[in-house]
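Under the UniProt record's numbering, the sequence shown has 296 at position 296, and the numbering climbs by one with no breaks.
By construction, these hints were calculated from the structure, which means they are not laboratory data. Watch out, some of these pointers could steer you wrong.
The list that follows gives simulated cross-link-like pairs (lysine-lysine, DSSO-like), each with its CA atoms no further than 27 angstroms apart [unchecked claim]: (1) Lys56 <-> Lys281; (2) Lys294 <-> Lys91; (3) Lys70 <-> Lys112; (4) Lys36 <-> Lys234; (5) Lys91 <-> Lys55; (6) Lys38 <-> Lys198; (7) Lys86 <-> Lys70; (8) Lys134 <-> Lys234; (9) Lys86 <-> Lys71; (10) Lys86 <-> Lys73; (11) Lys86 <-> Lys55; (12) Lys23 <-> Lys55; (13) Lys112 <-> Lys55; (14) Lys294 <-> Lys71; (15) Lys226 <-> Lys36; (16) Lys55 <-> Lys134.
Pair by pair, the computed Cβ-Cβ distance ranges are [to be verified]: (17) Thr139 <-> Asp49: 27 to 37 angstroms; (18) Ser258 <-> Asn178: 11 to 21 angstroms; (19) Arg335 <-> Asp100: 37 to 47 angstroms; (20) Gly296 <-> Asp74: 25 to 35 angstroms.
We treat Cβ as the ideally placed atom computed from N, Cα and C, and that holds for glycine.
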Amino acid sequence: MCILSVVIFIILMSGCVQPKREKVPVQILDRELLAKAKVLQADTMGTFDEFIYAKKFWVYADSILIVLNKKHKDGYFVELHNLFTKENIVKLYRFGDGPDEMLSARVDMNGKTLLVNDFVKGQVAVVNLDSLLKNTTYTTLPIRHRAIGSPTAVPYGDCFLLENPYCFADENLKIEQNAPRFIVTDAKRSYVEEVKYKYYTRNVTVDGCIIMNDFNDRIIYACMHKSAMEIYDKDLNLLRMIEGPIDLKTRYSLDSESDIGIEISFKDYIPYAYLTYCTDKNYFYLSYVGDYLKIGMGMKDFPGWILKFDWDGRLVNCFSVSGCVRAISKSEKERALYVTVLNREDVPVLLKMYEDEI
């Protein structure tokens with residue numbers, strides 16, 4: 001029984017755990033740190049043309065290539081290959097609506113765990129990579145949480161922690177919707193929204209990174225559409241907020257005619273801040289954009305940086321990257337990162353970047 005999570009779930013549903021943010025320390029990252037970002041030596045490991053549906057690459061244990069594919073008929077979302085021979089090891093989660101299939105896939109790698117979220121069906125698979133590599137018939141069926149509108153779920157004790165799509169505040173609009181940052185499922189790992197909110201904000205609030213670290217008693221939340229990060233302990237107490245390095249001014253439009261509440265959307269350009277992450281025992285790394293997606297642009301047109309923090313949210317370093325960073329993984333043998341960037345043809349390229357400066 002997930003006692004801690006059930007207690008938090010009850011409090012969340014009462015709407016009484018919104019942190020008193022004015023009492024929390026706020027760290028401001030200076031924009032100048034991007035201009036002074038370190039340039040790292042990088043080796044191009046390839047575009048891997050044989051993976052024609054590939055969107056992103058990760059490397060595990062310096063030898064296993066993990067591929068996230070676009071959805072395609074009769075195809076699998078996730079594939080594991082030998083990094084050097086490209087020999088297939090295992091394929092996971094066929095595109096489809098069956099019990100062990102998915103209709104969408106977002107992948108995050110946190111240490112030895114691969115999280116595969118299917119926001120369309122409201123489900124998540126938690127894959128232990130070591131167990132999978134020891135026995136390729138090892139299967140992890142997706143678990144339904146049914147929190148439609150919350151695309152990212154992560155394990156939290158015996159339950160799941162999800163971002164709350166109704167957590168929204170904007171000074172210019174004079175709106176502060178009294179919704180907590182997180183949703184916690186019940187002990188059966190299911191969730192039903194019982195609170196009726198005035199504003200429908202899913203269009204502008206979700207797709208952030210939830211980064212768990214049990215060893216250091218930390219939960220990190222990094223926003224995709226705001227230059228903002230929040231540091232929590234395992235009991236979901238907000239410890240610190242981090243803002244910057246670029247203040248993304250955002251304009252919203254409100255549709256009061258919507259039948260799902262007053263719907264809030266981006267009015268002009270879509271801001272992008274933190275996209276993805278990787279971790280080790282001592283640090284977490286976040287890819288950062290700090291720009292707007294404008295008409296005629298694609299993700300390939302974005303600049304890229306990687307920010308390195310310790311688990312208390314203190315900035316350790318900032319690295320510049322020649323392209324938009326779509327995935328990051330950490331070498332186990334070297335001070336190096338495996339980074340997926342998009343080239344000018346919008347094709348994912350895998351780089352190995354060494355943390356020692358050029």
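message = What's the verdict on Lys86 and Lys73, does the C-alpha distance respect the 27 angstroms limit or exceed it?
response = It holds: about 22 angstroms lies between the C-alpha atoms, which stays within 27 angstroms.
query = Has the given pair, Lys23 with Lys55, been kept, meaning a C-alpha gap of at most 27 angstroms?
reply = Cα-Cα ~41 angstroms, so violated.
key: Status of the given 37 to 47 angstroms range, CB of Asp100 versus CB of Arg335   = holds, 38 angstroms
Beta-carbon spacing of Gly296 to Asp74 - inside the hinted bounds 25 to 35 angstroms or not = holds, 34 angstroms
request  = Sort out whether Lys71 lies within 27 angstroms of Lys86, counting only the CA atoms.
outcome  = holds, 21 angstroms
message = Hint check: Lys36 vs Lys234, CA-CA at most 27 angstroms. Holds or violated?
response = Answer violated: Lys36 to Lys234 is near 34 angstroms, above 27 angstroms.
query = Do the alpha carbons of Lys86 and Lys55 lie within 27 angstroms of each other, as the hint requires?
reply = holds, 16 angstroms
query = Would the pair Lys86 and Lys70 pass a check requiring their Cα atoms to be no farther apart than 27 angstroms?
reply = Given that 27 angstroms is the threshold and the Cα spacing comes to 19 angstroms, the pair holds.
message = Hint check: Lys112 vs Lys55, CA-CA at most 27 angstroms. Holds or violated?
response = Distance ~21 angstroms between Lys112 and Lys55 Cα, so the pair holds.
message = Checking one constraint from the list: CA of Lys55 to CA of Lys134, max 27 angstroms. Satisfied?
response = holds, 26 angstroms
ask   = When you check the alpha-carbon spacing of Lys38 and Lys198, does it fall within 27 angstroms?
value = Not OK: Lys38 and Lys198 at ~45 angstroms, beyond 27 angstroms, violated.
query = Does Lys55 lie within 27 angstroms of Lys91 when you go C-alpha to C-alpha?
reply = Satisfied, since the Cα-Cα distance of roughly 15 angstroms is no more than 27 angstroms.
Of the numbered hints stated above, those contradicted by the structure are hints 2, 4, 6, 8, 12, listed in ascending order.
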